[in-house]
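Knowing the structure of chain A, use the given hints to seat chain B on it.
Protein chains: 2
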Amino acid sequence: MQIGIVGLGLIGGSLGLDFRALGHRVLGVSRQAQTCELALVRGAVDQAATTPELLTQADIVFLCTPLGVMSATVERLIPHLPPGAILTDVGSVKASVVEQLAPLWPNFVGGHPMAGTAETGIAAAQTQLFQKRPYVLTPTPATPRASIHILTELVQSLGCQMFTCDPATHDQAVALISHLPVFISANLIATASHAASPEIIRLAEQLASSGFKDASRVGGGNPELGRMMAEYNHTALLSALYAYRQGLDTWIAQIENQQWDDLEGQLQQTQAQRPRFL
Amino acid sequence: MQIGIVGLGLIGGSLGLDFRALGHRVLGVSRQAQTCELALVRGAVDQAATTPELLTQADIVFLCTPLGVMSATVERLIPHLPPGAILTDVGSVKASVVEQLAPLWPNFVGGHPMAGTAETGIAAAQTQLFQKRPYVLTPTPATPRASIHILTELVQSLGCQMFTCDPATHDQAVALISHLPVFISANLIATASHAASPEIIRLAEQLASSGFKDASRVGGGNPELGRMMAEYNHTALLSALYAYRQGLDTWIAQIENQQWDDLEGQLQQTQAQRPRFL
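Protein chains in written order, with the numbering used here: chain A, 1 to 278; chain B, 1 to 278.
Hints in this document: simulated from the structure, not taken from any laboratory. Any given hint could turn out to be false.
Where chains are identical, the list cannot tell them apart; a pair therefore holds if satisfied intra-copy or between any two copies.
Unchecked claim - Each computed SDA-like pair below joins lysine to any residue, with the alpha-carbon atoms no more than 20 Å apart:
1. Lys132 - Glu153
2. Lys132 - Gln156
3. Lys213 - Leu278
4. Lys132 - Lys213
5. Lys213 - Gln268
6. Lys132 - Gln161
On a predicted model such as this, the values are computed, not experimentally measured, just so you know.
So here's chain A without its partners, still in its complex pose (with noise of 0.2 Å):
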């Protein structure tokens, strides 16, 4: 197959390694030159260029650009693509980017591979990132049943867990499991830094330890990032905030009505709940 990828950071340029390993062709497309040539360098693409007019000859496209420049990126691809192409994306957030996109090229099926390191850009793309991994698909009932068909089977060939559902059970779910952590996980440290004496605050940067440091560790990422999430998935993450944040009274209410029995029952219970999520 001709897999055109839009984007080389680590996300297109893993996807790029894995389907070259695969037999397929891989046609990269970034807006840097230097980009270029280092995914050629690491064989993560067959042919790149900083325009688009290689994606002629593409049979699949992914989009791996950021949230933010997708719909316009799609606007300068449309008149490169084949009339029979496969458009899919990577981002992180589905309802808002099929919402975008699907008007623009009909034959769009929304993606999402979760899977990533700390590290960004093609110089940090490494082969089976995605082993093992979930990714997700998004068509709507307007979506080409042929296209899920084929993408399914080539993002299998991955070695991923994949999924199907509508965009808005996605980004309910991503709200949960990754959106929510970042904000409630920031508003930790923000806490942490602010909320007491600065000779208090001094001591408890020292006495720290690997509790706060798990606790804390989406909360200290990426902020472009944590702003995007919030951005293109405001309402499902809303909904999170506002179900955590009631949540987060009925723990108060029960210290401060001392009900320690009640607490205790609430912490068996998440004891129990988290393995779910493992």
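Relative to chain A, chain B alone:
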């Protein structure tokens, strides 16, 4: 030195192993005969008994029982303690402990070795558990200077990082970096387990990865320990939770008002603040 250890669990047993390796004589007390035997076999004590008579020889006694039984335990010990003996504890909360125990034994110095493993009990005891870990002493103006000095030297010989502060300062600092994380993390698990339809929760469980795993770890821990934190440190914990809730409202308002630049600015701050706690 002759060192008494009352409560031969992970912390008591590990203290015993290190003190014996440093050439001290360790006298262990546990309510369970089996624990006494195991402590002897593991080399954590020189002598062990289920009653406190052998503490008549002790220069220093480490109280290593759960917070809830400390004061009753001290009342049983007192008839057997030599008049000059220093008494210290290892509880994770200090103001309420110091308030209870100092009137019972004026030569008491509150302490908190901040080390541990996921396991508990004498079987989990290990050498050098305290190496490079914080050890906080919380004397009051009434604590005998000489006792603080002797205890500081002894504890430093374990290779700890020593801190000294008043009990309330300790409790506020650990509320922020140790107790608050437990409850915000538990509330994340509860929210992700309830705040959507069963179909979405099921998908969330399957898609959850390292971000959720880390952010939820301490909230899925020992429920009894979480209850103790809340019960014995509830004033400082409530202050931390109120500050956390107020912070949460700011994040929520920014998302409601679509203030994406402000939100990104806040995330840049938390990204910059986190390394100070590591």
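Structure-based check of each hint:
1. Lys132 - Glu153: Answer is within: at 15 Å inside a copy they meet the 20 Å cutoff, but 52 Å across does not.
2. Lys132 - Gln156: For lysine 132 and glutamine 156, only the intra-copy Cα distance (10 Å) is at most 20 Å; the inter-copy one is 47 Å.
3. Lys213 - Leu278: Both: 19 Å inside a copy, 7 Å across copies.
4. Lys132 - Lys213: between (26 Å within a copy, 17 Å between copies)
5. Lys213 - Gln268: Between copies, since 17 Å is at most 20 Å while 23 Å is not.
6. Lys132 - Gln161: Within one copy, since 6 Å is at most 20 Å while 42 Å is not.
Hint compliance for this structure: no hint is broken.
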